[in-house]
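Listed here are the chains, written in short residue letters.
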Amino acid sequence: MLGKGVVGGGGGTKAPKPSFVSYVRPEEIHTNEKEVTEKEVTLHLLPGEQLLCEASTVLKYVQEDSCQHGVYGRLVCTDFKIAFLGDDESALDNDETQFKNKVIGENDITLHCVDQIYGVFDEKKKTLFGQLKKYPEKLIIHCKDLRVFQFCLRYTKEEEVKRIVSGIIHHTQAPKLLKRLFLFSYATAAQNNTVTDPKNHTVMFDTLKDWCWELERTKGNMKYKAVSVNEGYKVCERLPAYFVVPTPLPEENVQRFQGHGIPIWCWSCHNGSALLKMSALPKEQDDGILQIQKSFLDGIYKTIHRPPYEIVKTEDLSSNFLSLQEIQTAYSKFKQLFLIDNSTEFWDTDIKWFSLLESSSWLDIIRRCLKKAIEITECMEAQNMNVLLLEENASDLCCLISSLVQLMMDPHCRTRIGFQSLIQKEWVMGGHCFLDRCNHLRQNDKEEVPVFLLFLDCVWQLVHQHPPAFEFTETYLTVLSDSLYIPIFSTFFFNSPHQKDTNMHQRQLSLPLTQSKSSPKRGFFREETDHLIKNLLGKRISKLINSSDELQDNFREFYDSWHSKSTDYHGLLLPHIEGPEIKVWAQRYLRWIPEAQILGGGQVATLSKLLEMMEEVQSLQEKIDERHHSQQAPQAEAPCLLRNSARLSSLFPFALLQRHSSKPVLPTSGWKALGDEDDLAKREDEFVDLGDV
Amino acid sequence: MGRPRQGSRDYASQPPPPGAQSNFPYRDGPWHLGPAHPQRHIANYNSQLPPCVGPFKMGFPAASRAKSPALRSCSPGRPGALFLPPAPSRDAVPPTGTGRRAAGGGRGRAGRGGRTPEGAEPGPAAEQPGNGGGARSPRVSRMASASTSKYNSHSLENESIKRTSRDGVNRDLTEAVPRLPGETLITDKEVIYICPFNGPIKGRVYITNYRLYLRSLETDSSLILDVPLGVISRIEKMGGATSRGENSYGLDITCKDMRNLRFALKQEGHSRRDMFEILTRYAFPLAHSLPLFAFLNEEKFNVDGWTVYNPVEEYRRQGLPNHHWRITFINKCYELCDTYPALLVVPYRASDDDLRRVATFRSRNRIPVLSWIHPENKTVIVRCSQPLVGMSGKRNKDDEKYLDVIRETNKQISKLTIYDARPSVNAVANKATGGGYESDDAYHNAELFFLDIHNIHVMRESLKKVKDIVYPNVEESHWLSSLESTHWLEHIKLVLTGAIQVADKVSSGKSSVLVHCSDGWDRTAQLTSLAMLMLDSFYRSIEGFEILVQKEWISFGHKFASRIGHGDKNHTDADRSPIFLQFIDCVWQMSKQFPTAFEFNEQFLIIILDHLYSCRFGTFLFNCESARERQKVTERTVSLWSLINSNKEKFKNPFYTKEINRVLYPVASMRHLELWVNYYIRWNPRIKQQQPNPVEQRYMELLALRDEYIKRLEELQLANSAKLSDPPTSPSSPSQMMPHVQTHF
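Line by line, the protein sequences give chains A and B. Numbering-wise (full-length UniProt numbering), the first sequence opens with residue 1 and increments by one. Numbering-wise (full-length UniProt numbering), the second sequence opens with residue 1 and increments by one.
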């Protein structure tokens with residue numbers, strides 16, 4: 001399944017080469033064998049977690065210093081994760097594991113984190129799915145967090161191979177019912193832990209109060225009101241129970257088209273302009289219904305066009321902007337660049353790295369999202385306009401763009417709590433279909449689109465460019481992106497607050513689960529443009545949207561003038577979007593690749609220096625304090641968090657043990673032909689070229 | 001629910017008032033030092049630059065803090081924690097209220113504008129947009145507001161502001177242009193500067209024998225252009241009588257530092273002809289029998305940069321001479337090899353006659369000599385030029401024996417490793433012109449590898465392509481593929497890969513290494529100096545790096561004069577090539593990957609490159625040591641190291657951690673190599689990296705704070721010991737005693 005471009009030049013025409021080479025020689029295997037029996041590694045199960053199947057004497061490949069070796073152990077599959085219980089755990093017990101993921105161990109893969117499974121048959125790599133006739137000698141698992149696992153099954157009993165391989169394939173690839181999510185068994189078993197932490201300050205937006213608070217915070221309460229018309233989801237299952245609309249809007253309008261065609265408030269700017277979103281009205285063929293829709297929308301527009309409301313600019317995200325299809329295609333190309341099986345593949349792709357990156361378009365999509373968000377910010381900030389985001393269901397690009405705009409304009413969203421509240425408001429309550437977009441249930445691959453991940457990547461660009469403007473770091477974002485696939489947190493496992501409420505509620509009452517209505521088919525890949533929206537809003541759009549040239553000028557001026565000033569980290573924050581400024585989120589994407597590891601280097605080196613200095617300053621402060629109380633109390637040495645910072649690698653804190661030694665990694669690939677420079681290349685250094693004058 | 005009710009605050013338009021702790025949004029973060037600064041962005045730096053370990057301790061996963069949305073509805077078995085926070089609660093924050101005082105600690109570097117490190121003396125080639133121009137003058141307005149920072153008080157922008165305001169009244173030319181001692185004003189003209197970023201700007205240009213200096217005459221812009229004439233590679237006339245318009249007489253000036261300058265002049269008074277002739281004369285003095293400015297420069301510094309490198313001392317530092325290696329003066333008068341330094345280190349067992357015989361078999365007599373010796377395993381890096389094998393496959397017993405003597409110096413039985421920097425095809429092709437490489441048959445005890453690094457012409461064309469994609473406009477939509485098509489980073493990758501191999505071989509102690517290319521003054525210098533930088537932490541200090549450049553590049557005859565073309569008008573000269581720039585770029589890539597390993601910062605590398613072209617210092621003039629000696633360069637010119645070493649603080653990396661004996665291996669993968677935006681795209685106001693880097697700024701603040709505390713503690717200790725003799729009086733409140741140390745633990 002590797003993209004052709006990734007393997008490099010080898011189209012379909014060549015004779016198939018072995019796509020897998022084993023680096024483990026039989027001798028190495030024998031030396032390891034004895035140790036296996038001596039060590040008993042126990043499987044840690046979460047509350048409610050059940051062991052489904054297992055296989056012993058599985059060999060896990062570990063890459064180290066550009067060569068691979070194997071570690072024996074047990075491969076198990078539970079209803080939560082796939083885990084490898086190797087005998088090299090002892091290596092993990094040293095102090096380097098001071099930072100570790102408590103839920104997901106180094107050799108654990110949650111079932112939802114599995115992306116693709118490959119089997120190696122006679123040195124050929126094939127995707128595994130469904131019922132297998134033949135079982136592979138090697139299993140390769142590509143994870144959604146971009147880890148790659150390779151397990152050799154050659155020394156495992158045939159029975160066990162069958163059981164574990166089909167078990168893993170079934171539990172990760174086969175369509176699942178919502179009620180089978182581990183989430184539910186976990187919630188039942190670990191109920192005492194579900195008590196809300198009283199210190200939890202993240203605003204969940206599940207009460208009317210929360211919305212009122214947000215209105216008050218942003219001074220939006222003059223023109224907008226929180227409504228409870230959808231309490232109990234009686235109007236619409238797509239919308240949250242509480243949300244905010246323009247004050248004069250009659251509540252019965254909300255019921256009219258089940259919340260479609262209603263401008264819903266996202267956020268208000270300090271100058272009074274607001275960001276609104278609206279889901280499109282259902283498509284109709286019937287002229288009569290179209291007329292009704294038209295007059296309905298006219299009414300709505302009249303309401304929000306009248307003073308005190310600012311001029312509204314409509315931003316139709318369903319057309320003239322990214323399609324979800326584009327995002328999906330780009331990401332599936334992009335992620336392949338990081339799912340690397342071995343060193344050879346790494347260096348083969350290295351020469352063409354930039355063009356491979358570009359051909360995935362992922363970075364360009366990030367740029368377009370950031371640019372769109374800057375455009376909207378310009379309208380609100382500089383032109384004092386309201387912006388109405390339009391999208392079919394207002395739950396994909398609407399969430400993305402609206403959260404980005406808020407992140408740029410509202411410094412509160414750049415605190416950790418503020419950011420979490422933003423996600424809660426725009427994504428969770430905004431009805432982003434996490435279940436479908438992450439394909440947690442494996443019901444429809446076409447629905448799988450990493451919109452939220454795209455958002456996090458856009459946020460990362462901002463964090464990377466303006467670190468002091470954020471309370472959180474890139475590591476926070478990386479960990480957050482991982483938690484998309486950990487089914488003990490319910491946040492990212494439902495399509496809507498309604499779906500979550502009904503299911504979680506039932507669970508808590510211990511009622512038998514009934515499957516919720518199958519997720520509605522949204523058909524967002526439709527190529528045709530949305531005529532309805534165009535027709536109904538056509539006039540107004542043309543009136544309100546400036547000609548594109550003018551728009552470009554406004555954008556340029558706004559963008560340049562902001563970047564020409566010094567950055568106020570507590571004010572408006574814009575990203576740089578020029579070519580060299582949009583970068584690969586290296587921490588997330590390169591963290592498992594040993595070849596990409598900079599031993600004792602990388603950003604972590606400066607940051608740990610910073611931390612050491614913090615500690616020093618802190619302990620000095622304590623000393624001074626103690627002096628002041630004129631008590632010569634014995635000093636407790638400040639604990640040193642990162643004592644051996646020099647030995648941290650650039651992959652810290654994610655992959656600590658990829659490379660032990662300080663041997664350099666050497667590129668193995670050769671030089672690419674220079675093409676038109678061949679003549680020059682052949683020349684001698686000191687020849688004076690007379691023809692060049 | 002206990003949610004924060006910050007709603008009363010106008011969150012967007014009002015930054016937290018200084019000192020208003022309760023409203024400070026990030027007040028409980030671990031990085032908060034307290035908004036002691038009256039200026040808001042300084043206070044804001046406090047905001048959280050949590051290191052990447054931040055989340056571990058700060059809360060997303062930590063149980064004691066608010067949970068993420070993800071954690072809210074149901075927590076994992078172990079309370080809420082994804083990661084184990086190893087340290088005690090980090091809620092504690094460092095003290096607040098000391099920033100103001102701490103900031104005054106004289107750390108002048110943190111707030112500096114960046115590109116041009118000198119204070120009163122703008123660096124060469126510094127384009128300084130003025131302060132009054134809003135969008136037109138991005139740099140200064142940024143700095144102007146950043147000048148709320150105490151650090152900035154010496155920035156040159158302030159300088160230029162002063163000058164401009166003065167300019168309105170005072171038209172005295174001597175006041176109008178900054179001048180070095182020895183610099184004289186030649187002419188001034190009214191011109192239109194066609195700024196590629198901000199459009200035409202009316203200004204007055206002053207030409208001295210050292211620089212071209214332009215000041216805007218427009219009220220809304222105080223743009224200043226300060227370009228040493230040495231960076232000019234080509235001056236062309238554009239337009240003229242046939243073109244229309246008032247200012248149709250144009251001059252296009254191509255610079256060696258990745259930019260072009262365009263001026264439009266009026267037809268009257270032959271002003272273009274004058275300017276063209278004067279510029280040509282002083283930018284290319286060699287063609288007009290004029291001296292380079294370095295020989296006229298009368299600057300005085302309190303440090304003499306010419307004493308930085310003393311070969312005997314440097315070899316002594318390496319433990320030389322020893323039982324196996326001796327220092328020879330055979331080349332004292334440059335008779336053995338006119339492009340080598342006077343002092344050479346050769347195997348003890350090779351006699352001077354041996355050396356002379358070997359010289360006949362090495363291109364331009366550049367015999368294998370020692371560059372560096374490993375302090376423990378005694379393997380060495382030896383450099384030379386190619387052997388003169390020729391088409392007939394000539395052999396030279398002396399050369400073969402000499403290499404074997406080198407191999408034996410570290411008592412290893414393994415073969416000597418020869419790295420030929422060239423691609424093998426080129427090495428083979430060189431046989432046609434009498435060169436070649438060490439064949440297996442002739443050199444039984446050597447193993448030869450080709451490193452596939454291309455020649456100077458390829459590098460020159462590659463850099464030209466880089467300029468095409470970055471100046472004046474940065475290629476946007478296809479940035480990555482355009483970058484790839486320049487091959488620049490690919491070349492960097494190959495040079496680094498070669499150097500890593502050299503360093504690894506020597507570090508492993510398996511064998512000594514001999515490096516050569518064709519003549520051993522371009523690629524060879526790159527490889528040996530980079531390998532030495534990886535192996536020897538001494539070279540990663542400021543003085544160490546100066547010694548490295550002085551030794552491996554300047555003394556060993558990298559042909560700076562030919563490669564750069566100092567004062568020479570022949571801009572198409574095929575001898576020109578950015579080999580040294582490429583080396584500095586490699587160093588920058590290394591410092592980017594190991595941000596704590598180098599004593600110097602990016603400004604240090606940039607100022608070296610600026611004065612590589614400027615001709616203000618004698619450091620990079622001429623092709624070899626013998627020529628420099630003939631010209632008495634050390635007596636008649638100033639060394640660049642004088643300027644740098646008398647201002648060392650400006651070029652220091654605050655994160656530097658000295659580590660002896662640590663070998664640095666950068667990762668030579670495209671995944672980590674980056675275009676050096678702060679150098680190659682520094683003229684573009686749109687692509688401006690924050691200077692200083694906010695993380696660095698934060699660290700500087702902490703350093704200042706630490707020093708402050710140490711001082712306080714000492715004072716307190718004194719006070720305490722005094723108190724011991726007296727009975728304690730009623731305890732005064734700490735805040736009274738130390739108003740600036742407010743703790744918020």
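One or more of the hints may lead you astray.
As the list claims (entries may be wrong) - Some, not all, of what chain A presents toward chain B, calculated at C-beta under 10 Å:
(1) E54
(2) L322
(3) E326
(4) L356
(5) R367
(6) P467
(7) A469
(8) H563
(9) I593
(10) Q621
(11) H628
Unchecked claim - Straight-line distance between alpha carbons at most 27 Å, and here's what the computed DSS-like set of lysine-lysine pairs gives:
(12) B:K401 to B:K411
(13) B:K202 to A:K565
(14) A:K352 to A:K333
(15) B:K465 to A:K583
(16) A:K583 to B:K592
(17) B:K189 to A:K663
(18) A:K283 to A:K335
(19) A:K583 to B:K464
(20) B:K300 to B:K266
(21) A:K352 to B:K467
(22) A:K294 to A:K283
(23) B:K431 to A:K682
(24) A:K335 to B:K411
(25) B:K592 to A:K663
The hints are simulated quantities; they were obtained by calculation from the structure and are not laboratory data. Keep in mind it's a predicted model, so treat the numbers as computed, not measured. Note that the Cβ used here is the ideal one computed from N, Cα and C, for glycine as well.
The hints, checked one at a time:
no.	hint	result
1	E54	21 Å, violated
2	L322	15 Å, violated
3	E326	15 Å, violated
4	L356	9 Å, holds
5	R367	8 Å, holds
6	P467	5 Å, holds
7	A469	7 Å, holds
8	H563	7 Å, holds
9	I593	8 Å, holds
10	Q621	5 Å, holds
11	H628	4 Å, holds
12	B:K401 to B:K411	16 Å, holds
13	B:K202 to A:K565	23 Å, holds
14	A:K352 to A:K333	14 Å, holds
15	B:K465 to A:K583	21 Å, holds
16	A:K583 to B:K592	15 Å, holds
17	B:K189 to A:K663	60 Å, violated
18	A:K283 to A:K335	35 Å, violated
19	A:K583 to B:K464	24 Å, holds
20	B:K300 to B:K266	40 Å, violated
21	A:K352 to B:K467	21 Å, holds
22	A:K294 to A:K283	12 Å, holds
23	B:K431 to A:K682	13 Å, holds
24	A:K335 to B:K411	50 Å, violated
25	B:K592 to A:K663	19 Å, holds
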